[in-house]
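Since the structure of chain A is already known, use the hints to place chain B on it.
There are 2 protein chains.
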Amino acid sequence: MSIETALDALSTFLGQRLSRSKPDLEQHGGSETHFPMTPPDAVAYPRSTEEVAEIVKICAAHDCPVIGYGAGTSLEGQTLAVRGGVAVDFRDMAAVLHLGAEDMDVTVQPGITREALNEELRATGLMFPVDPGANASIGGMASTRASGTTAVRYGTMRDNVLGLEVVLADGRVIQTGTRARKSSAGYDLTGLFVGAEGTLGLITALTLRLHGQPEAVTAAVCAFDDMAAAVQAVQATIQMGVPMARIEFLDAASVAAVNAYSKTDLPLCPHLLVEFHGSEAGVKEQAEVFGEVVTDMGGKGFEWAAKPEDRSALWTMRHHAYWAILQSRPDCTALVTDICVPISRLAEAVEDTRADIAASPITGPILGHVGDGNFHAILLFDPGNEEEAKAAKDLSHRLVERALALGGTATGEHGIGLGKKAYMQAEHGDAWDVMGDIKRALDPKNLMNPGKLLRDG
Amino acid sequence: MSIETALDALSTFLGQRLSRSKPDLEQHGGSETHFPMTPPDAVAYPRSTEEVAEIVKICAAHDCPVIGYGAGTSLEGQTLAVRGGVAVDFRDMAAVLHLGAEDMDVTVQPGITREALNEELRATGLMFPVDPGANASIGGMASTRASGTTAVRYGTMRDNVLGLEVVLADGRVIQTGTRARKSSAGYDLTGLFVGAEGTLGLITALTLRLHGQPEAVTAAVCAFDDMAAAVQAVQATIQMGVPMARIEFLDAASVAAVNAYSKTDLPLCPHLLVEFHGSEAGVKEQAEVFGEVVTDMGGKGFEWAAKPEDRSALWTMRHHAYWAILQSRPDCTALVTDICVPISRLAEAVEDTRADIAASPITGPILGHVGDGNFHAILLFDPGNEEEAKAAKDLSHRLVERALALGGTATGEHGIGLGKKAYMQAEHGDAWDVMGDIKRALDPKNLMNPGKLLRDG
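Note that the protein sequences, when read in sequence, are chains A and B. Sequential numbering from 1 applies to the first sequence in UniProt numbering. Sequential numbering from 1 applies to the second sequence in UniProt numbering.
Bound conformation, chain A alone (with noise of 0.2 Å):
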């Protein structure tokens, strides 16, 4: 076998540090969603660049696979083993290595998290921004083009990744991008491996783009009769230049969930939350502008959320709607799927998958990024329920089939994995077997986390 070949080299390297043990594989091989257990054969512990550079060209002498693994916190089963191999867990490379604070940027190793980042840089007046809730790792944010609630503001990933240490299918080390806030200098090779899925290389390092931590935020929560109105406001907030930092939406379904698990009484319609950052005068200008767009467009109980402990416990609602929802049906289990379509096009999608949902026989709330265009739809099934299961796959297809044909893709944020792999061809055509190039040009082995993104074979 040239997998356990592998092993025995890696065991000799790394000693204690590669595990075998069932609990590790169990943990390296599971899914926040709904892919079955997939674990590899060994979890790496590696505590250098130039460790993982030496696992890498191990498995490459062995054709042995490769699957980085930061927080374990990606939806479409990004990290599951499913040729074997190993997988390189970056828990002990979790390090800021440089705080440029003059430069407002960080450098920092893959295994940190973004909640740990932000605590790191508390005292500096920086923040790193980007929040898909979860607190995954930035190597896996990275690596999934993640991107949440500010992206409306802020960007994502790929906005917001300067620069990278990679080491390559070979064991190469390289480094992609500069310092400086800019480059004309050849190919984009970030932005390349920013959402390859590890399936082009390991990110050991990254430099990241940071911003001030704003003067003043103010936080609201306001009701809408529909989704279109509450859409409809949004894009005339945004044409009219208001900086908005979080735009987010709640469907009817969202809210009940949210309302049980935390104690909150909103009314049983569509719901905006929205953040502005900014000086104290201009975060006031920009809330007047939207209060007044919102009751335009008819929206209702506006309520501002601006003491620290309220706005914090608003995005709390926020940030637990997806376990609030998981727990409005605590036997089911979740397939959470996301699409991102024009902005234009998001009240019809919505409505359209609304509609749809309420004609299956199982729930799934809606919720989701409006200001991109992004939303997400968890759809809960029981497992053990053949008719449930199907009904969820069948929704999610017609989702995605629905977000292709507005203009959208498949998926804004979670990334390809196995869970999105059978919409690739109807999204990209031809552009898909350029990935392919690219991937077989960098890895011609079909190493590094193979199975996941590309066309198999």
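Read the hints as simulated data drawn from the structure, not as lab findings. Since the model is a prediction, treat every value here as computed from it, not as a measurement. A hint or two may mislead.
It does not matter which identical chain is meant; a pair holds if it fits inside one copy or across any two.
35 Å max Cα-Cα, derived DSBU-like pairs, lysine-lysine [what the hints assert, rightly or not]:
| no. | residue 1 | residue 2 |
| --- | --- | --- |
| 1 | Lys445 | Lys284 |
| 2 | Lys284 | Lys393 |
| 3 | Lys421 | Lys57 |
| 4 | Lys421 | Lys300 |
| 5 | Lys445 | Lys421 |
| 6 | Lys57 | Lys445 |
| 7 | Lys263 | Lys284 |
| 8 | Lys300 | Lys390 |
| 9 | Lys22 | Lys390 |
The following block gives chain B in isolation, referenced to the frame of chain A:
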């Protein structure tokens, strides 16, 4: 000759729209800067993506190089036909294909210039803000990953291209990206083709992110005793979260040239030119913050240009700075170079370059985009004077070495072309080989703009 065979086939296909006239060849073989005339064997003027694909297929069949051509404003020899072949001029592919006002996006053909595009957008309340100074074509701006004066606020072409249509080296046509604002669906091919300088394919359509025309705009000019104070003022302002739309600097030599050319009477010391975009109140607040910072840093002669005509005069002066500098020694050629460094190292980079130029036999004003850490030296030399020509090359060489030593890049916005290839190994190391691997995977016969950006051979 295989190129001749290709030209015969192209001539049959395009008729009069394949030109071999001397003026046409010379126009397409020239450069705005110091590169020697290097004409193609023919110039093609396609009218559709299908025609571009057919041109590329014919060229592929006969091993004939293909070079995309927009407005001819590139500065590093990107369009020179160093191995002969066909220049594909996008003059007749300059239409707006779709304006999505609600989604704040637009799809255009590559030949449209940024000024023509903004003219088309004028009545919509939207704008395409990327402004490299020259009235470049949008396709060329994408291929060079252009940026310019507004990148500090609105980003570069990397940030403002949502999707592309590309004709690959084998004539296949692919679409990258969607009209959704973000996506995690596979490798970021859009980002790969932006900045590839036509070496991976020809861009035949682009979907661009638009921005709202600001409600209010204010600009100002301000003098400083030295660059360090000017840079500190900018750093402090950015860290306070003020979203400056433009932050340009001119050194004393640039100011002298500008004064002579634009009949201004700015004092002969470093200047900042700034612009703020926002609401009436927002712009006022931003300007006040900046004014206070500037005063703290010893800025003087602060002058606002709130009226559109004053503002227009200010930016016309800035945009004409290149011509003003050329006029200051009308017998000379310019070696125009650009580098980008972390902002914390910008003052040092400018001062060291200043001193280096002062110790040389030639003049070379320095100006640039201080908010990005990006600046240009316009090195003026008499092309008939070997000592001057050598001094310009040596200064440019040391400038790039300085940038790399300070953690920066060999080019912030002009690209690699021919002029910066010598620095790719130093800046990228093995990552340059990875670019070569990608090139070989997508263009195995090396026919797409050969001789540029990548390692020779």
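Status of each hint after checking the structure:
no.	hint	verdict
1	Lys445 to Lys284	neither (57 Å within a copy, 59 Å between copies)
2	Lys284 to Lys393	neither (45 Å within a copy, 53 Å between copies)
3	Lys421 to Lys57	both (28 Å within a copy, 30 Å between copies)
4	Lys421 to Lys300	neither (41 Å within a copy, 60 Å between copies)
5	Lys445 to Lys421	both (20 Å within a copy, 31 Å between copies)
6	Lys57 to Lys445	both (12 Å within a copy, 31 Å between copies)
7	Lys263 to Lys284	within (29 Å within a copy, 43 Å between copies)
8	Lys300 to Lys390	neither (38 Å within a copy, 71 Å between copies)
9	Lys22 to Lys390	within (31 Å within a copy, 68 Å between copies)
Violated hints, listed in ascending order, are 1, 2, 4, 8; each of the other numbered hints is respected by the structure.
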